[in-house]
Amino acid sequence: MSSVHNWQLGREMEFPYEAAHADRQFAFVFNLNRCIGCQSCTMACKSTWTFARGQEHMWWNNVETKPYGGYPHHWDLKLLDLLEQANPGGQTWNGQSVERTAPYGEFLGKTIFEAAQTHVSPEGAQRALGYLPSDEEWSAPNRFEDNPTGNEKGQRGRHFEQGESEPQHRTWFFYLARLCNHCTYPACLAACPRNAIYKRPEDGIVLIDQERCRGYRKCVEACPYKKSLYRGTTRTSEKCIACFPRVEGRDPEGHGLPMQTRCMAACVGHIRLQGLVEINPDGTWREDRQHPLYYLVHVAKVALPLYPQFGTEPNGYYIPPRWVPLPYLRQMFGPGVDQAVDRYNHPDRELLGVLQLFGKDSRICSRYEIQPGPKVFETTIRGRTFELYNDTVIGYAADGTRIIEVPVEEPVHVRDPKHANSI
Amino acid sequence: MFATPNMPTPSNPVQTGFAGPGAAISPRSVFGNYSGPPAPASGGPPPATLPDGWAPTADESLARAFGYQYLARAFEYPTSDGWEWLTSIQTRSALESALGLCSSGAPDPGGSSGPCFDHRAHDDLPLIGACAELIAAMDTVSFDAFLVDYIELFGHAARGTCPLNEIEYGELKADPLFQAHRLADLAAFYRAFGLELGDDAAERQDHLAIQFEFMAVLAAAEAYAIDRYAGADARAIGYHAQRRFLREHPGRWLPAFTRRLERHTNLPFLQVLARFTRAFVVLDCRRFHVQPGSDELCLRPVEESAESLCDTCGVARPGGA
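Protein chains in written order, with the numbering used here: chain A, 81 to 503; chain B, 778 to 1098.
Hints in this document: simulated from the structure, not taken from any laboratory.
Worth double-checking, as some hints may not be accurate.
[To be verified] Beta-carbon label-pair distances, calculated as ranges:
| hint | chain 1 | residue 1 | chain 2 | residue 2 | range |
| --- | --- | --- | --- | --- | --- |
| 1 | B | T834 | A | A220 | 50 to 60 angstroms |
| 2 | B | E973 | A | G170 | 48 to 58 angstroms |
| 3 | B | A978 | A | R410 | 21 to 31 angstroms |
| 4 | B | Q1068 | A | G175 | 51 to 61 angstroms |
| 5 | B | L827 | A | D161 | 48 to 58 angstroms |
C-beta: ideal position from N, C-alpha, C; glycine also.
Make the full structure from the sequences, and use the hints.
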């Protein structure tokens, strides 16, 4: 076991391989305040990659309703429970953030790699603490969809009085869209006995070599997000491939420019922004102030990693849904939640501008500029002044091509009432 | 604007690695754990090897094929025509002569048959004796009695006391191939030899009769190969295919199935059939140097509470931690 630095945890941690990093990393930010659970992303991925025999049960991208849903069932609860059993009461953070190297503070508990060293799971000894979901748990991926929390006292059919009251609702649910996080320290890669899983240096995408894989399913067992899936017809495991031909720029639609993945491009609600971020030798993100992902994660700090306490350093970040009780969000996204929710509730001009980049073009945006516009609106929200400026956001691809130009306020056209059906 | 484009390029061997000085940098994985796709195999598949002294005759293989065919018919859903064939004079004498050939070619149970054998695990019931018992018992039972017991023991919709399907046996967690994958494995095996379940087939791939039918086909194919081809390759394929199928499928669960059948039936014919089936399959396992499976395999639980988890949290089992 080696010691590697995990900046999301703010400390060194154990990992079976020496520290090594990609030059650029595939990363994404999802704005969960906007997800409507339409499953367009799910179907885009399904129709592109997992439509063949043996893949019927596979959902490389899925959208589950929290708190009760999950694909596979209760995957996060089971992982959290395993970790809690391995380290009772110890899965906490120290609450002292340090810029860049420990933005969320230091995680004092055990990651799945560390827990596996002292805690033998029911499956036997592992490199990363995990479990193999049963066939039943893989079924019904939309289980508990649209089911909110019930009454706290468990009374059937009754919900909280005024459950929708601010700031956090008592009757709540939200949609959690997930795919492989192409982690910096992938548990799947760590667990594979045949070294059939690799992380590409050019974009950090994690792939399973289908010729080398023998279907042992240690990756399925180890992945805490359960995004490695076994295929019975080929007897190999498969996972999200991050549409790597598109990321490489080989999709004709992009005319040579790197494109976002199919699920990102298909998103109807414009909740997704995916790109490539440059990585420093120590594994932290290279400072790139005008990169939209860098801005959202490290400057505005509204985007947080999913279950960072697992320890794989996932590269999928989420803007937390602001109506969900904070303790739940803290467990899911770490201690940065309070600041993220507050910031999103009171967005400044730049944040509003960057949020408009989501879903505006299928090509990867590497840089943005904001051209100031006139002030168009002002109000008070929760006691604080909010001003809306109709700035224009410009987005550029990696080679400098201007790919996005959009105002913050959506233009409104009113049709002539004389010919109401005409354009 | 950028001076140098930030465009990703496919992996090339020249990479700046961070794995430390002297570490071999894989061109494909940042961690150096992956060495690239395997080199394409040069030439054809490796030469098939046969165990020393392996030289069955075509007649022996055909005899085995007939034995399996008999067993397949015996365990498929009973029809009066099928019963007539099973108990007819011609079938009885064919069975006797076939088994005479099977036994004569089999390895000596007391002899050295390889390190994988455990002779203590299974009864050494001579096959001929079991066959004689079976034939004698045919006169003691009517088709109706057989049908009634068949339905009661082997069930129809969900499962009876003594399932005829392979995936009902064995500890779920201990089985390296999950149930659904085991079915896929069987289908793939059949398909590899050009066979698929018929559209009108009433049973799954893992049904005993289907597996016996497949063994009959493999044995018949072996007879054909011995008859037609002088080379060892064709025979080797036959050997390895039968060995592998026996080891992974019927050889694995038949002993437990026959033990269960023997224990649960009151019909003497079925008891004798169980013993005969066991003797036949165990002998075949020995022939192919396969260790027969355990006598005691548990059945897959059907009660929901035994295998499901708490619906709300997915962690605890209902009724306590």
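| said: Against the range 21 to 31 angstroms, how does the distance between the Cβ atoms of A978 (chain B) and R410 (chain A) compare: consistent or not? | reply: Violated - the Cβ-Cβ distance for A978 (chain B) and R410 (chain A), about 56 angstroms, lies outside 21 to 31 angstroms.
Has the hinted range 51 to 61 angstroms been met by the Cβ atoms of Q1068 (chain B) and G175 (chain A)?
This hint holds: roughly 59 angstroms between Cβ atoms.
Between E973 (chain B) and G170 (chain A), is the Cβ distance one that fits in 48 to 58 angstroms? holds (55 angstroms)
Does the beta carbon distance between T834 (chain B) and A220 (chain A) stay inside 50 to 60 angstroms, or does it fall outside? Roughly 55 angstroms apart at Cβ, these two residues keep to the hinted range, so it holds.
### Consistency of beta-carbon spacing, D161 (chain A) to L827 (chain B), with hint 48 to 58 angstroms
Given about 52 angstroms between the Cβ atoms, the range holds.
Checked against the numbered hints listed earlier, the structure breaks hint 3 alone; every other hint is satisfied.
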